[in-house]
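Q: Top line first, the protein sequences correspond to chains B and F. Numbering that gives the first Met the number 0 puts the first residue of the first sequence at 0, with every later residue one more than the last. Numbering that gives the first Met the number 0 puts the first residue of the second sequence at 0, with every later residue one more than the last.
Worth double-checking, as some hints may not be accurate.
[What the hints assert, rightly or not] The calculated DSS-like cross-link candidates involving lysine-lysine, where the alpha carbons are at most 25 Å apart (straight line), are:
| # | chain 1 | residue 1 | chain 2 | residue 2 |
| --- | --- | --- | --- | --- |
| 1 | F | Lys137 | F | Lys125 |
| 2 | F | Lys143 | B | Lys193 |
| 3 | F | Lys185 | F | Lys128 |
| 4 | F | Lys143 | F | Lys128 |
| 5 | F | Lys109 | B | Lys193 |
| 6 | F | Lys141 | F | Lys109 |
| 7 | F | Lys142 | B | Lys193 |
| 8 | F | Lys141 | F | Lys185 |
| 9 | F | Lys109 | F | Lys125 |
| 10 | F | Lys128 | F | Lys109 |
| 11 | F | Lys141 | B | Lys193 |
| 12 | F | Lys143 | F | Lys109 |
Just so you know, these hints were derived from the structure itself, not from any lab.
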Amino acid sequence: MSRETYKIRSQMRTVADGVVTGLAILATVIVVVPLIAIFAYLIYKGASSLNVAFFTKVPAPVGETGGGMANAILGSAMVLALASAIGVPIGIGGGIFLAEFGRGTKLAAAIRFTADVLNGVPSIVMGLAAYSLIVVPMGHFSGYAGGVALGFMMIPTVCRTSEEMLLMVPHAIREAALGLGVPNWRSVLSITVKTASPGIITGCMLAFARVAGETAPLVFTALGNQFWSTDLNQPIAALPLQIYVYALSPYDDWHRLAWAGSLVLIILIVFAVSLVRFVTSRGVLKGAS
Amino acid sequence: MGVGIEVINLNAWYGSNHTLQDINLNIPANHATALIGPSGCGKSTFVRCINRMHETNPIGRVTGTIRIGEIDVYKDAKPVEIRRRVGMVFQRPNPFPTMSIYDNVAAGLKLNGYANRRALDEIVEKSLKNSALWDEVKDDLKKKSGASLSGGQQQRLCIARALAVDPEVLLMDEPASALDPVSTSKIEDLIFQLKSQYTIVIVTHNMQQAARVAEKTGFFLNGRMVEFDSTHKIFTNPSDKRTEDYITGRFG
Chain B
0 MSRETYKIRS QMRTVADGVV TGLAILATVI VVVPLIAIFA YLIYKGASSL
50 NVAFFTKVPA PVGETGGGMA NAILGSAMVL ALASAIGVPI GIGGGIFLAE
100 FGRGTKLAAA IRFTADVLNG VPSIVMGLAA YSLIVVPMGH FSGYAGGVAL
150 GFMMIPTVCR TSEEMLLMVP HAIREAALGL GVPNWRSVLS ITVKTASPGI
200 ITGCMLAFAR VAGETAPLVF TALGNQFWST DLNQPIAALP LQIYVYALSP
250 YDDWHRLAWA GSLVLIILIV FAVSLVRFVT SRGVLKGAS
Chain F
0 MGVGIEVINL NAWYGSNHTL QDINLNIPAN HATALIGPSG CGKSTFVRCI
50 NRMHETNPIG RVTGTIRIGE IDVYKDAKPV EIRRRVGMVF QRPNPFPTMS
100 IYDNVAAGLK LNGYANRRAL DEIVEKSLKN SALWDEVKDD LKKKSGASLS
150 GGQQQRLCIA RALAVDPEVL LMDEPASALD PVSTSKIEDL IFQLKSQYTI
200 VIVTHNMQQA ARVAEKTGFF LNGRMVEFDS THKIFTNPSD KRTEDYITGR
250 FG
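Take the sequences, apply the hints, and build the full model.
A: Printed below as a string of structure tokens:
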């Protein structure tokens, strides 16, 4: 190759490198811009309505100004806690079965298929299912029904991400445990799951964040409540429901509260996710992720 | 103290692939025995039969008899019991990445329900001293993850982890092949010290290594054991033509 062609090729490589890097940066910007735009718009519209009353008061009766969403924040927290209590253990358990004990079996293939289908079921259908299975037999709407509907929505996401993360644990690590004379079940729980835990936790957080903003499954189940209630056996308020009702109302004051509620919902999700990340990222676990 | 290993008519398969055929040999107690041979000759499968790791592969199958001391490996005990008596060190260092150095060494005991803290402290210290790693890690036993060590240190950590369960036999499957020369010589020094207390079986591709650390050497080829004799004899005056061809570099 002559020196001239070498120089030209070198320049072409520099140009190609620049173009590809530029495209990658552009893609990143396109991903980040909507998130920032939504957040900025929420702050612009909602921040002015945020005050102490918003976090301490229940909604004001129609016609009166003021009031807050204290009951909706608490209701959301309770319903989501119930949903996580259902979705996380069942999902992780299913993922462990798929990745460790049922590998290659027909049962595992069937479960994997079912989980994928469940993942594609529209959220409103989940709400209807919970309605006919829980609300109708019980005779009334309830926080329980809402929690169950959201919990079932979490299962497939948690299950499949747990499976993927467990499969990523190197075979050498499992062999190390077995080679020490550790029984298989113990090796799975104490070594494989622990090694995969950062990824599994991310899966749980994704599922949590997804259902935290769900409105449709709650319409037929938790229903919503204008008053202070901590009873999951009764209709209970939830932030997405409250936002939905307020946003569709004809009152300007309620519109402002709906914006504030949306902002609070996002902040609470970010807060919950960060908290879990912080708690689980301390200690030696840090080196693993 | 180590015990001898007696292997009688051992055959092993991966699916329909007959990877070990009629292996017979006696591995002496408290010595290092090297297994050499070209890739795919079955030497790794052989050591994995000794601690019953071969059968953890769904398509792995074994027939024949292996005795460790008085114990018939395939008749008298469960795999987990055998693996506590037979430690194993793998080709690539594989410390548990989520555990501290201390927990890595204690893992075998802790995961089997052993919980006496003071005794654990002593065992961890003794094991790390035996694996010549203690001086390098004693200040951050519980602070650093096992994965944060260098490759050579990780391998010595894995040796400490295997020693902590107090085995009689130590299997090493190419323990130094992923390491640099300095770390390799540390591992070899270690094998030299350890063989007074344990029966060591080491698989290696490095013939100088076999010559340096082992009293006995076995040559494997195509799933059969061609020759088993004192290391000196194998490398200076092998009885089989194929052994001679291999050690003089004519193939493999």
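Q: Which of the numbered hints above does this structure break?
A: none
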